[in-house]
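Protein chains: 2
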Amino acid sequence: MHEDRIRLPALMDKVMTAADAARLFRNGMTVGMSGFTRAGDAKALPLALVERARSEPLALTLITGASLGSDSDGLMANAGVVARRLPFQSDAALRRKINSGEVMFIDQHLSETAEQLRGGSLKPVDIAVIEAVAINADGGIVPTMSVGNSASFAEQAKQVIIEINLSAPLALEGLHDIYLPAQRPDRAPIPLTRTGQRIGTSTIHIDPARIAAIVITDSPDSPSNVLPPDAETQAIAGHIVAFLEAEVAAGRMGPELLPLQAGIGTIANAVLHGLTGSSFRNLSMYSEVLQDSAIALLDSGQLAMASASSITLSASMHERFLRNIERYRDRIVLRPQEISNHPELVKRLGVIALNTALEFDIYGNVNSTHVGGTHMMNGIGGSGDFARNGQLSFFVSKSVAKDGAISSVVPMAPHVDHTEHDVDVLVTEWGLADLRGLAPRERAPLIIERCAHPDYRAQLRAYLDEALPRGGQTPHVLEKAYSWHARYREHGTMRELWQCR
Amino acid sequence: MHEDRIRLPALMDKVMTAADAARLFRNGMTVGMSGFTRAGDAKALPLALVERARSEPLALTLITGASLGSDSDGLMANAGVVARRLPFQSDAALRRKINSGEVMFIDQHLSETAEQLRGGSLKPVDIAVIEAVAINADGGIVPTMSVGNSASFAEQAKQVIIEINLSAPLALEGLHDIYLPAQRPDRAPIPLTRTGQRIGTSTIHIDPARIAAIVITDSPDSPSNVLPPDAETQAIAGHIVAFLEAEVAAGRMGPELLPLQAGIGTIANAVLHGLTGSSFRNLSMYSEVLQDSAIALLDSGQLAMASASSITLSASMHERFLRNIERYRDRIVLRPQEISNHPELVKRLGVIALNTALEFDIYGNVNSTHVGGTHMMNGIGGSGDFARNGQLSFFVSKSVAKDGAISSVVPMAPHVDHTEHDVDVLVTEWGLADLRGLAPRERAPLIIERCAHPDYRAQLRAYLDEALPRGGQTPHVLEKAYSWHARYREHGTMRELWQCR
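So the protein lines, in turn, are chains W and U.
Position in the first sequence counted from 1, then plus 2, gives you this note's numbering.
Position in the second sequence counted from 1, then plus 2, gives you this note's numbering.
Simulated from the structure, these hints should not be mistaken for laboratory data.
Any given hint might turn out to be false.
Since the list can't tell identical chains apart, any single copy or any two copies may satisfy a pair.
Here are the simulated DSSO-like pairs of lysine-lysine, each with C-alpha atoms no more than 30 Å apart in a straight line [stated by the list, open to error]:
| no. | residue 1 | residue 2 |
| --- | --- | --- |
| 1 | Lys404 | Lys482 |
| 2 | Lys160 | Lys16 |
| 3 | Lys125 | Lys160 |
| 4 | Lys482 | Lys400 |
| 5 | Lys125 | Lys16 |
Next up, chain W with everything else stripped away, as it sits in the complex (with noise of 0.2 Å):
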């Protein structure tokens, strides 16, 4: 079953069971994980190492690409796995455990977590867990649906645990391409010039001494938990297409507009989405994952080439994607996280940068991460990497939340992720503000006029008129600027008393 996946003979001595593999582990060791977006996580390592918990203490430090599938954050973190995560999640449980203090999350650009291994400013990784299609004669492992830090954890860890996925079809083979920054001060350029560029191997190349175990596993990835696109996220769409095709006439950018990131989630979705109904042709993506939006572009024709580190889809476009991965073969690309999220590409090419904010103020500043300002949600993830390098950065929200007693425009961020200086464009259902060339006092009522939710804008406008008279490249009314925040905490709504009567 598993012998034409295992094809170094060698090594054939090193299949296991995932409960013998977790005897491997020691309370303390700090283990990385392949594992993108639910895409190309271990099945099988996660839930021996919760059941290996049950009897004595494992507590340790967990580094994967970004969010794991099939629950494994939550599970792990509820066994008392999981004492130390990056750099990044999205599972309730766990974020339960990171907002009460009981796990400790680092929250990284997700561009950086390979080069701090890399430069000793975070510990070394013991074990690598990674996922696999097979793993080749000379030794080379084939990834399976993401790449995330798999060749980093792969190439620094002392022992190496393979799971090779055999619900993964062997015809993933050839889609990713692995290239790793060189140690400093011999480091190269990156030489990738063009989204589809291949600069690498097709394969993890590790001393297969290395490689400790291997568990065979048979599960498919977590299906993406994105929602379908709906009005507002049409209206968000709408605006951003309007914006690009005005670009393009202006001369600021060709017809097949530069290469497009966009965020993991259903608003990112959907905008892509919303291009399919565009007249723009020729398009490419440089970006951290491809979503349902990305697959339908590809059918679409409008989009001629795809990068990203890992590919999260609904269960019925995930099917049709493996069955016809050979249509997909020559115009798709999975690179490291490094690499696809790497400021010296992203700025090279230009990304055009379509993230999602929890919330933004009235000067620019978005807070993507912690709620209330408070409560950890997902983490950055990349955002920081494309908006700061891309050449336009978009940050998307609707307006309102929790049934209108959340504004998503707020006088101040009460935590800041993307500052002023990283944010080109905002977003909601009701409009579009572009910041480009503007001073702060020139934004904010832009900002309140274009995105805010009619029924917040008087308010913003009174917050704003009090904060001129004293003064500043960005006046504030430093007392009241969490005002909106602490009325939700205390009353369920930011609303001011005088707009509710």
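With chain W held as given, fit chain U onto it using these hints.
Using the frame of chain W, we list chain U on its own:
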């Protein structure tokens, strides 16, 4: 007198007075001027524009490299010549106009202005004013003590005005290395892999037909206004040297360290001075400005190579440098600020970034720009270019200001320029907090106990103790987060009453 400096005979008839050259300007134009941290700025045209504005409206968008010298920014602001200003300034009179809302100031990462002009995110430059040592026979313009954005301005402007400064020695020729990225999609990797490498030309090349005027000047650059090291800045330097020695001992870098960057100003200059007494040898700098400390390290032989976009020195060091240029010639390279600060290169080289904070909070967010959260000081400058992409990012500050009435360590930064994601190490005269790999809840006690002034530690602990039970990744008491700033505004001190008994 100036004939040996205008080596293209066809240009001799472009020589005119500054007043005549000022007649080329029209109300509403966008003007790009040379000048970076008081070095290499145009000396005559700013005054001529002020003079012209006495008789007719002349409100310009003024873009520079960074700050200008000779009070030019203030004189132009007071005359109403500057309606819009970017990307940096440090003039008291201009600052007043910015904070009163009379001048629109766009505070930018110094690496990004050139790209925004190239890509059309900013309106194009109508006239460039560039200070030069000479114009060569092939039309090549030799910059003076800074490169800044001059090459980009000259490339884009419809008309170029050259100020030939006779006080700038001819020996400066050859110090510069002019390289600009190409328009996309034909942009290649920037081929720089060593700090001292030359990748471009020694002069700025444009079609001489676009040179509309040449003005002769004879005034030196304004001297640097940094203060000499004092007990606190020496203590800060001591903590950093000890930390770097420990990094070398741990094998995370070699004894030559990684290329150093140091921001403009008194503290950063003092930190570099602190290296003069250290055991480090064969150091290199990849920075935006070279101050007295860099020349001292070149003189001591510890600094092997220094790359920057400008040289800003005290009067005595300036004279010494100009007298001995030959001694420094093969160890200094001056580049466009887009290259000196480029994310691609800062990341590739693994720069150690040393920048100054106005204040930082207990979770590691840094305010570099806004006094009291609202009033602009100077601007973010290059601190974000280096802090985000460097291998190690330090932010330094004295622990208190205004004789102890202001704590530089606060519960929550009221303006965030550098997020928790981009800050590795915080340093005050009291100590150093190494935040690498730590979650926010772990950072807070470390920052309080290592960096805060002892007079403010109890207050900070009290805030943290009140915040922790509220939970979250980054616990806060939002309604009290800025109570320290409010207290200073009202009572002239951040100290709480129970601390003042």
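Structure-based check of each hint:
1. With identical chains, the CA atoms of Lys404 and Lys482 are at most 30 Å apart both within one copy (22 Å) and between copies (25 Å).
2. Taking identical chains as interchangeable, the C-alpha atoms of Lys160 and Lys16 lie at most 30 Å apart only when both belong to the same chain, with a minimum of 16 Å there against 70 Å between chains.
3. Proximity of Lys125 and Lys160 under a CA criterion of 30 Å is satisfied intra-copy only: 13 Å inside one chain copy versus 54 Å between copies.
4. With identical chains, the CA atoms of Lys482 and Lys400 are at most 30 Å apart both within one copy (24 Å) and between copies (29 Å).
5. In this assembly of identical chains, the alpha carbons of Lys125 and Lys16 lie at most 30 Å apart only when taken from the same copy (27 Å versus 63 Å across copies).
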